[in-house]
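Asker: Below, each chain spelled out in residue letters.
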Amino acid sequence: MRRLSPYLYCGLALLLALLLSAGIGAVYIPPLDVAQTLLARALPVPLPPGWSETWETILFEIRLPRTVLIALTGAALGGSGATYQGLFRNPLADPYLIGIASGAGLGAVLAMAWPWPVAVLGLATIPASAFVGALLTTALVYNLARVGKATPVTTLILSGVAVGAFATALMTFVMLRSQGELRRAMAWLLGGFTLGGWPPVWVAAPYIAVGLGVLIALARPLNVLQFGEEQAQQMGLNVERVKLLLIGAASLTTAAAVAFSGIIGFVGLVVPHVVRLLWGPDYRRLLPLASLLGAALLLLADTAARVVIAPQELPVGILTALAGAPFFLWLLRRARQEMFW
Amino acid sequence: MLTIENLTVCYGSRAVLRDVSLCLRAGEVLALIGPNGAGKSTLIRAASGVIAPARGRVRVENEEVRRWTPEQRARRIAVAPQAVHLPEAFTVFDTVLMGRTPYLGWLERESERDREFARRALERTCTSELAGRRVGELSGGEQQRVLIARALAQAAPVLLMDEPTAHLDLRHQSGILELVRGFARSDGLTVLVALHDLNLAAQFADRVALLVEGELRAVGAPAEVLTPDQLSAAYHLPTIQVIPHPVHGVPLVLA
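Just so you know, the sequences run in chain order A and B. Straight run, no breaks: the first sequence in numbering that gives the first Met the number 0 ends on number 340. Straight run, no breaks: the second sequence in numbering that gives the first Met the number 0 ends on number 254.
Think of the hints as simulated: they come from the structure by calculation, not from any bench. Glycine included, every Cβ here is placed at the ideal spot set by N, Cα and C. Do not take every clue at face value.
Mimicking SDA-like on lysine to any residue, the simulated pairs with C-alpha atoms at most 25 Å apart in a straight line are [as the list claims (entries may be wrong)]:
1) A:K242 with B:T68
2) A:K242 with B:R13
3) A:K242 with B:I50
4) A:K242 with B:R74
5) A:K242 with B:Q71
6) A:K242 with A:W201
7) A:K242 with B:E87
8) A:K242 with A:L134
9) A:K242 with B:E115
10) A:K242 with A:L135
11) A:K242 with A:L139
12) A:K242 with A:A208
13) A:K242 with A:E228
14) A:K242 with B:E109
Which chain A residues stay away from chain B? Per the calculated CB distances, all over 12 Å, these [what the hints assert, rightly or not]:
15) G10
16) P29
17) L91
18) A112
19) A216
20) P280
21) R305
22) F326
With the sequences and hints as input, model every part of the structure.
Answerer: Structure, rendered in structure tokens:
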């Protein structure tokens with residue numbers, strides 16, 4: 000596995016997942032035809048034989064927006080999950096465990112509970128509000144967890160769980176009280192991609208691109224941080240500043256993912272672990288690889304979620320939890336025998 | 000080179016160090032000894048600039064370390080901590096290369112020159128052949144050498160060490176201290192090392208400082224500090240005896 004470039008593996012996995020996700024659904028479009036049609040848009044390649052207007056509409060108006068949004072979400076979850084694990088030097092840290100996803104979810108629900116914010120201020124209100132929610136949660140958790148000048152992992156996780164539970168309770172309350180259809184909100188919460196079309200993609204993409212870009216750029220300082228804050232400082236790292244930037248960028252990324260895709264668990268937890276097991280702990284590799292693999296895995300999970308009880312759709316969050324939780328438990332058992340952290 | 004002036008450090012309202020003053024010359028190894036809880040680790044941490052003293056200051060080359068940024072500090076003061084809770088999955092080479100952090104911007108990649116520094120540090124600590132191994136696979140003695148290599152890669156004139164020989168067997172204990180004393184002699188490195196073992200301190204340090212309950216009780220050559228009276232008082236152990244070491248001639252403490 001180590002001989003060939005890991006980027007090649009993850010890139011191929013993502014490409015495959017993209018084609019499958021765009022091809023499979025109520026109307027089956029062969030993935031190779033999808034590839035050829037996409038190529039035909041850019042290069043002088045003929046359209047595949049038998050290509051129809053219907054397929055064209057389904058592919059470009061329905062499938063692809065969702066596929067791209069899911070890929071972005073998966074990348075965001077993989078990248079921010081890896082960052083939180085590194086930031087708090089805890090393999091269990093993840094956007095959900097430390098309450099940040101719930102904070103972002105509360106922000107998003109507040110923006111969606113009434114029709115006017117989105118109607119007046121546009122779709123970008125949702126991720127912006129989610130970002131504010133994520134940052135406020137992070138600030139709250141961080142300050143609650145702070146003992147003197149340090150942020151011990153235990154107090155961090157505990158206050159994260161408490162604040163997250165509080166935010167989730169508020170979020171549920173707002174959802175129950177809001178006039179909108181509860182079912183839709185619930186589906187969103189479990190990771191159903193209920194908003195259709197390209198607008199969510201255009202709104203989420205810049206947030207996620209900027210967030211992941213900053214995270215990947217700060218991978219080397221994140222490596223140094225693995226020695227603990229005091230050692231990192233003695234090794235010449237401006238720890239407080241690096242932490243602030245990392246937290247900001249990871250919150251931004253998480254917020255954008257939660258805003259349009261709801262709360263999808265275990266991707267941010269499992270994907271970085273898989274990458275670490277296969278290709279080692281260096282964040283300069285881990286962050287881009289976890290983003291690529293996160294995108295690929297979430298696409299596959301979503302494709303499966305559309306197929307298993309067709310014509311009905313399963314919220315993808317259910318599927319990632321069903322597959323992710325046992326996998327994570329297996330990882331935990333493995334960790335007791337051989338170190339991988 | 001390294002000057003500690005009237006240093007008082009408090010954790011909450013409790014003073015852990017009281018009015019400690021020490022002055023280390025370039026090329027000197029000074030061992031910090033004292034009973035558990037005497038404040039040895041705190042003095043090392045304060046000297047590295049990561050904790051703010053209540054009073055007093057630490058200076059290197061006549062500049063106060065707390066005024067420097069972490070990058071500036073790490074270029075002058077390197078710390079080789081105890082080999083515990085290390086990130087285990089990084090390779091030895093990557094770990095040592097991270098010693099170049101104070102010379103690199105956040106977005107900068109390590110240059111060939113940085114790699115050369117790391118390779119040289121590995122050579123000098125006899126860890127070159129471990130370069131590709133993961134830190135978690137190494138023995139305690141090897142890990143400690145790697146941490147010293149990382150500190151060497153920082154190319155700082157001052158080296159601080161907190162109990163580098165804890166959990167090591169006899170051969171590795173003297174091996175580590177021999178190595179560090181060699182660097183002090185050859186490079187003029189200033190070394191402040193907290194040690195538990197009085198006999199190691201006697202054998203490898205130029206001077207010894209005895210710290211008791213946060214106060215400095217004695218500083219001087221091993222033979223001046225390691226006396227039965229001073230040690231008995233410091234460790235509350237009236238039976239301590241000191242005889243000359245049969246091989247090295249330095250004091251040998253028997254408890």
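Asker: Determine for every hint whether it applies to the structure shown.
Answerer: Evaluated hints:
1. A:K242 with B:T68: Distance ~16 Å between K242 (chain A) and T68 (chain B) Cα, so the pair holds.
2. A:K242 with B:R13: violated (29 Å)
3. A:K242 with B:I50: It holds: about 18 Å lies between the C-alpha atoms, which stays within 25 Å.
4. A:K242 with B:R74: holds (21 Å)
5. A:K242 with B:Q71: Roughly 19 Å between the alpha carbons, so the hint for K242 (chain A) and Q71 (chain B) holds.
6. A:K242 with A:W201: violated (29 Å)
7. A:K242 with B:E87: holds (22 Å)
8. A:K242 with A:L134: Given pair K242 (chain A), L134 (chain A) holds - Cα atoms ~13 Å apart, limit 25 Å.
9. A:K242 with B:E115: violated (29 Å)
10. A:K242 with A:L135: holds (16 Å)
11. A:K242 with A:L139: Distance of about 15 Å is within 25 Å: holds.
12. A:K242 with A:A208: Holds, at roughly 19 Å.
13. A:K242 with A:E228: holds (10 Å)
14. A:K242 with B:E109: Holds, because 21 Å separates the two Cα atoms, which is no more than 25 Å.
15. G10: It holds; G10 (chain A) is separated from chain B by about 22 Å at its closest Cβ, greater than 12 Å.
16. P29: Consistent with the label, P29 (chain A) stays out of reach of chain B, its closest Cβ about 42 Å off (over 12 Å).
17. L91: holds (16 Å)
18. A112: holds (40 Å)
19. A216: Its Cβ does come within 12 Å of chain B, the nearest being 6 Å, so this is violated.
20. P280: violated (4 Å)
21. R305: The claim stands: R305 (chain A) keeps its Cβ more than 12 Å from every Cβ of chain B (closest is about 37 Å).
22. F326: holds (20 Å)
Hints 2, 6, 9, 19 and 20 from the earlier list are contradicted by this structure; the remaining hints agree with it.
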